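Can you make the complete structure from the sequences, with help from the hints?
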Amino acid sequence: MTTSERSVLECVEPPAELASAEEPVPACSFQVKNLSIWYGEKRAIDDMTLDIASNAVTAIIGPSGCGKSTFIRALNRMHELVPKTRVEGTVLLQGEDLYSSAVDPTIVRRRVGMVFQKSNPFPTMSIGENVIVGLRLNGVRDRKFLNERLEKSLRMSALWDEVKDDLHKPGTSLSGGQQQRLCIARALAVEPEVLLMDEPCSALDPIATAKIEELIYELKTKYTIVTVTHNMQQAGRISDYTAFFYLGRLIEFGPTTKIFTNPSERQTEDYITGRFG
Amino acid sequence: MIAPKHILGTFDEALASLRNNVLMMSGLTERSLERAMKGLFERNDNLCANAIADDEEIDQLEKQIDKDGVDILLRFQPVASDLRRVVAAMKLSSNLERMADQATTIARRARKLNQHPPLPEVELTRPMYEHAMSMFRDSVDAFVREDVDLGRAVVQRDDALDELNRSVSHKFVERMAQDPEQLRGYLNLIFVGRALERVGDHATNIAEDAVYAAAAEDIRHQTVAAPA
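First to last, the protein sequences are chains U and L.
The first sequence runs 1 to 277 under the working numbering.
The second sequence runs 1 to 228 under the working numbering.
Heads up, some of the hints might be wrong.
Claimed, not checked - Partial selection, computed: residues in chain U whose CB lies under 10 Å from chain L:
(1) Ile207
(2) Lys211
(3) His230
(4) Gln233
(5) Gly236
(6) Ile259
(7) Phe260
(8) Thr261
(9) Asn262
(10) Pro263
(11) Thr268
(12) Glu269
(13) Asp270
(14) Ile272
(15) Gly274
(16) Phe276
Think of the hints as simulated: they come from the structure by calculation, not from any bench.
If you're wondering where the values come from, they're calculated on a predicted model, not measured in any experiment.
Glycine is no exception: its CB is placed at the ideal position from the N, C-alpha and C atoms.
Next up, the structure:
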């Protein structure tokens, strides 16, 4: 090997280990076992079992009405806000049963934050108040602590530079994409372990969508993220694992690269290639 | 199993058009190779000229297939089997274009040979030609019919073609030493043999792409066990 060849090779980063399709899911945030959920007589989720990896993005895809939103809402017990809801099975977060009678749902929702399809900043609150409202509701009064957490959350949601001089302005004065990042900052302010996102970009333009996607990519180093999306390309871009739901059942779950290049199930293939129906 | 149609009819039409252009290109390439080799065996300069002329149309089809493939990637963002088919079609067209270049090489060498008295050793290239064309046709068949077993079988046949080429080239070199007057003629035949060997290499590439398109399996650069 010549000196010049050696110097070039020294500059090259060694390739990352390639993920194998059979590679086991690493450390799990959630372990969902035999989960079934009913709204009255209607079974929305039918006997689902899957493990959700820590510090990774898991995308849930499937046609409307397949149970995607119900599933992620079950991960922080938000579906319980719907009357006549019934749950069977177990959902473990870091090994702890979220549905144990000893567990307070409000604590669960603090540990598992959520961002919705449509940005929903509190209309009567300023940008700054929107971010720290969760902490205030939890009794935090230390102004210095609140200010530090406010800046940290806005920086993590890539919004600080855009709003640092306008923290007193109403949250609703921001653009749609900024409002969505404000909601992410609000979710992050209480330092959750997991971030659930229900179609977080469906109401945003491509630039705002790109910013949220970039943000998701950065946040996964610190948080476990579970997102619902109808956008196949987005699922392919941002997620490490993909789960395909159909009629309330988990049809296929695996590394995103595998699902989008060579899915094992015919129904998955037909759905992602646009042959469904 | 026949895949159901896409909800988006224009996607099906675009994929069908891409596939038809690949088939047309494959047909033209096959014809070009046949004309070049027939021009060699029958000492027919017209056939050689036709083979050389075919190349331009094949080059244009390669560009068209690449353009159609990029359009499909852009407009429909295919995934899974659709993505594999588009990628394989684009790689196929590149291999077909290079095969057509080999047909041009053979035709040019044949025209040079035709200017001199016939060499009976031309017939030594016939088994290579038949072997290479059989690999070519089967590789395209494997792609069209998504036949994984046939694709694998084609890949295994390349070693035999390489061996045929070595053996025939060796005979030509021996003849050169025995008959230096015909040195240029034998040299041209060695180049014809090498072109046929490369046709086999491209057929192997096509067969490998056919297996990838059908089964999402990358069988390139593997040591393939000989059939039992």
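For this session: With a cut-off of 10 Å on the beta carbons, see whether U:Phe276 makes it to chain L.
Result: 7 Å, holds
Exercise. Hint check: is the beta carbon of U:Lys211 less than 10 Å from a beta carbon of chain L?
Worked result: 21 Å, violated
Exercise. Any CB of chain L closer than 10 Å to the CB of U:His230?
Worked result: 14 Å, violated
Exercise. Taking the least C-beta to C-beta distance, is U:Phe260 closer than 10 Å to chain L?
Worked result: Hint on U:Phe260: holds, closest Cβ of chain L at ~5 Å, below 10 Å.
Exercise. At a threshold of 10 Å, is the proposed contact between U:Asp270 and chain L supported by beta-carbon distances?
Worked result: 7 Å, holds
Exercise. Does U:Ile259 pass the interface check with chain L, least Cβ-Cβ distance below 10 Å?
Worked result: 8 Å, holds
For this session: Could you check if U:Asn262 really has its C-beta closer than 10 Å to a C-beta on chain L?
Result: OK, holds: U:Asn262 within 10 Å of chain L, min 3 Å.
Exercise. Quick one, is the U:Ile272 hint okay against chain L at 10 Å, beta carbons?
Worked result: This hint holds: U:Ile272 lies near chain L, its Cβ roughly 5 Å from the closest one there, short of 10 Å.
Exercise. If you take the shortest Cβ to Cβ gap from U:Gln233 to chain L, is it below 10 Å?
Worked result: Holds: closest Cβ of chain L sits about 5 Å from U:Gln233, inside 10 Å.
Exercise. Given U:Pro263 as an interface hint, is the shortest Cβ-Cβ distance to chain L below 10 Å?
Worked result: Interface hint status for U:Pro263: holds (6 Å vs cutoff 10 Å).
Exercise. Any CB of chain L closer than 10 Å to the CB of U:Gly236?
Worked result: 7 Å, holds
Exercise. Any CB of chain L closer than 10 Å to the CB of U:Ile207?
Worked result: 19 Å, violated
Of the hints listed earlier, those the structure fails to meet are numbers 1, 2 and 3, in rising order.
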